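Engineer: Work the whole structure out from these sequences, hints included.
So the chains spell out like this:
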Amino acid sequence: MNGAEGITNVLWLQGASCGGCTMSILESGSTGWFDELRQFGINLMWHPSVSEATGEEVVSVLEAVRDGKVRLDVLLLEGSVARGPNNTGRFNFLAGTNRSIYHWILELAPLADYVVAIGSCAAYGGVPAAGSNPTDAVGLQFEGGDLGGALGGGFRSRLGLPVINVAGCAPHPGWMMETLLALTSRELAAADLDGFGRPKFIADHLAHHGCSRNEFYEFKASAETMSQRGCLMEHLGCKATQAVGDCNQRSWNGGGSCTKGGYACVACTSPGFEAAENFLETAKLAGIPVGLPTDMPKAWFVALAALSKSATPRRVRANATSDHVVVPPGRGGGKRAS
Amino acid sequence: MTRITVGPFNRVEGDLEVRLDVESGVVVRAEVTAPLYRGFEQILEGRPPLDALVLAPRICGICSVSQSIATAAALRSAIGVDAAPNGLLATNIAHAAENAADHLTHFYLFFMPDFAREAYAGHAWHAAAAERFAATRGSAAREALPARARLLEVMGIVAGKWPHSLAFQPGGTTRAIDLGERVRLMSIVTGFRAFLERVVFADTLENVLAIADAAALDDWRDGRAGDFAHFLALADSLALGELGKGPGLLMSYGAYHGPDSPLFPRGLFGARSAVEPLPLAQITEDVSHAWMHDGSTDPAHSTTVPHPDKPDAYSWCKAPRLSGRPVEVGALARQVVAGQPLLTDLVVARGSNVRNRVIGRLLETARIALAMEQWVRAIRLTDPFCHDARGFPDGAFVGLVEAARGSLGHWVALRGGRIERYQIIAPTTWNFSPRDSFDIGGPLEQALVGTDVGDAGPRAVAIQHIVRSFDPCMVCTAH
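As you go down the protein sequences, you meet chains A and B in turn.
Quick note: the first sequence uses the numbering used here, first residue 463, plus one each step.
Quick note: the second sequence uses the numbering used here, first residue 13, plus one each step.
A few of these clues could be false.
As the list claims (entries may be wrong) - Derived CB-CB ranges, DEER-like:
1) 206/B - 780/A: 37 to 47 Å
2) 768/A - 405/B: 36 to 46 Å
3) 353/B - 780/A: 51 to 61 Å
4) 607/A - 288/B: 52 to 62 Å
5) 143/B - 792/A: 25 to 35 Å
6) 136/B - 572/A: 14 to 24 Å
7) 206/B - 674/A: 28 to 38 Å
Calculated from the structure, these hints are not laboratory results.
Please read these numbers as outputs of a predicted model, since none were measured by experiment.
Using N, Cα and C, we set each Cβ at its ideal position, and we do this for glycine too.
Structural biologist: Following this line, the structure appears as structure tokens:
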């Protein structure tokens, strides 16, 4: 945050992680992520995937922070905190230190001006917490949707903020960089986070907003099997109308998104998304999807769906169950002068 | 004798601990520890089969597509369906993009920065190596990272996003490609070739792949620009061809499957310097030195149950063996099994070593860049990309693929429409395995023995080179 030297000291650690958040952020920056960090005065004190320092050199970096010899502006954790077995953290120890990531985090987090959870694992526990949660994996400040986690619900970083949760599996590179840069310029305050600690500039949107299948959604013209062009909500498990994120207002990897890719949103920005079953199949009760938009009366949704289904143009209905456009727009409509 | 511990070990995709017994400055014994266990096999038990397409890829953010297609292959064999040919092509294109991106990430971000270390400051080449490859500061990353990001735009077209996509299904892929998108794919692939020819090789890919043997490689290298030739000069200066010899057996499950045969075939390159059929039924997992309970050694029947206090254990990683022997996997193995002339010549002469592993990765990158052009052209735009695939019988099924780092297998047992057991052996499980019950070390443990660390102890750069030459993925290793 442009402290005395105008430099922001950032430390990135990995817990019970797949490394995918790092793989995502490495796509950031027109001349690469490292240039981008430098341009904003960010000093990456250490990052497990990209720094030169290794072995005892790393331990000295961590000890210097712990002993208060070096200022820690932002601590980022990628991956869940594995507390097991029996609260020892031994399922995930930091090599060469005979000490768990869990215990390193407990020691370092209170020393940071800001603590950021990178990805849904660090935020809420994520995929390692699925099923029987074999490693007692939790997020930094949440266990699924419940406050708690490794640091506890009451934790505040040195500048008085709770853990900032850049949810997503993996998050868009922009989500991570924009959050980090907003912290660097001290523009992100506690009021800018939603109830699950997510920056509102991401979480005030739904993954559904801007979906390229919107016309199919409007007419409830639904895909029935994978690779068809129709809406994925009615049959194929799509949760985009309930999941936060500006996923479809951004470009992923130069132009994609999950729903553009032809598969359901699994709500990876939501706490506990990993606990669902049958991700690619819509759960229904009496033929009606269980997971309807949360802020719309169900009866209205059902009535509107019935109405729009009866009004569906032949073009939309035919294209919904095809993997290519079989009826293009405009036939029988406005004629083009030739 | 002194015992030294090296860790945290970074630029290995995850974390790693290496303990070395050193006598008169030479490593006499090595123990390799995977310090992370998440329990994916336990997490998958009891789930509906298709849920594995969501969960299993999240083992690894760097080879997520490989994990996806291993799951999809296992479920495809369960359903007994053929994938749509276009789906296979789209899968190959995405998989090649991931693998090539991984090879670039390894070369530029993980491996080469070690030549910029102060320990090498006395060498005449140090200033140029540091300018080009120093971690987070070198000029190379300024070119390599944007090239990587551009290559991964393949995913935006074929797979929605990367990492962690649901586009790879038993029946094919979820997104049909139209003409405009095919042209965009070709534009990305062509741009990637241009990057390789300008920055990495300073020559055409065809010329690079025409280098027939070790002597021709030396001729080709002399006076050449490009980062590959730069590496070769450093490797020769430091005799990296003498460093980190593998155990001798090289394995590949076969990669980039088409309707007929894979681009790179399945096989085993053995002691007789010839490619032999791969005895898949001889794959076992030994847990004598893993913090795991005993069970079946057959991955089709075994389970994974942690035993954190087990005596004599030192890793979360099991020890896979083929006919009782440790096996090295990776790009070098894949290319030697595929009969690539230069790499075969290099391995017959000097075995697998630090230098040859890096050459293997870069030559493979050239080969798959050319293959991507063919696959993009081969898409038949009006044909389907995905066949309907549903209905899971009881039984045991296997999905075998090649990730960037080597052979990846998913063994799945289904019962009553649920996953009964799920076992995964990842590439670095093979390469960085602990000892087995015969006290035979894994490939890295063997490769480290004999290394001269001199007075540097845990700071010896040779250790860094050897470990990273395998391009380990520690998050996959114990998963």
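Engineer: Each hint should be assessed against the structure and marked as holding or not.
Structural biologist: Results of checking the hints against the structure:
Taken as a hint, the range 37 to 47 Å holds for the pair residue 206/B and residue 780/A, whose Cβ atoms sit roughly 41 Å apart. Between residue 768/A and residue 405/B the beta carbons are some 38 Å apart, a value that agrees with the proposed interval 36 to 46 Å. Between residue 353/B and residue 780/A the Cβ separation comes to about 53 Å, which falls inside the hinted range of 51 to 61 Å. The hint said 52 to 62 Å for the Cβ distance between residue 607/A and residue 288/B, and at roughly 54 Å that hint holds.
Between residue 143/B and residue 792/A the CB atoms are about 57 Å apart, so this pair departs from the stated range of 25 to 35 Å. Taken as a hint, the range 14 to 24 Å is violated for the pair residue 136/B and residue 572/A, whose Cβ atoms sit roughly 48 Å apart. Distance hint check: the CB atoms of residue 206/B and residue 674/A are about 30 Å apart, consistent with the given range 28 to 38 Å.
In terms of the numbered hints stated before, the structure departs from hints 5, 6, listed from lowest to highest.
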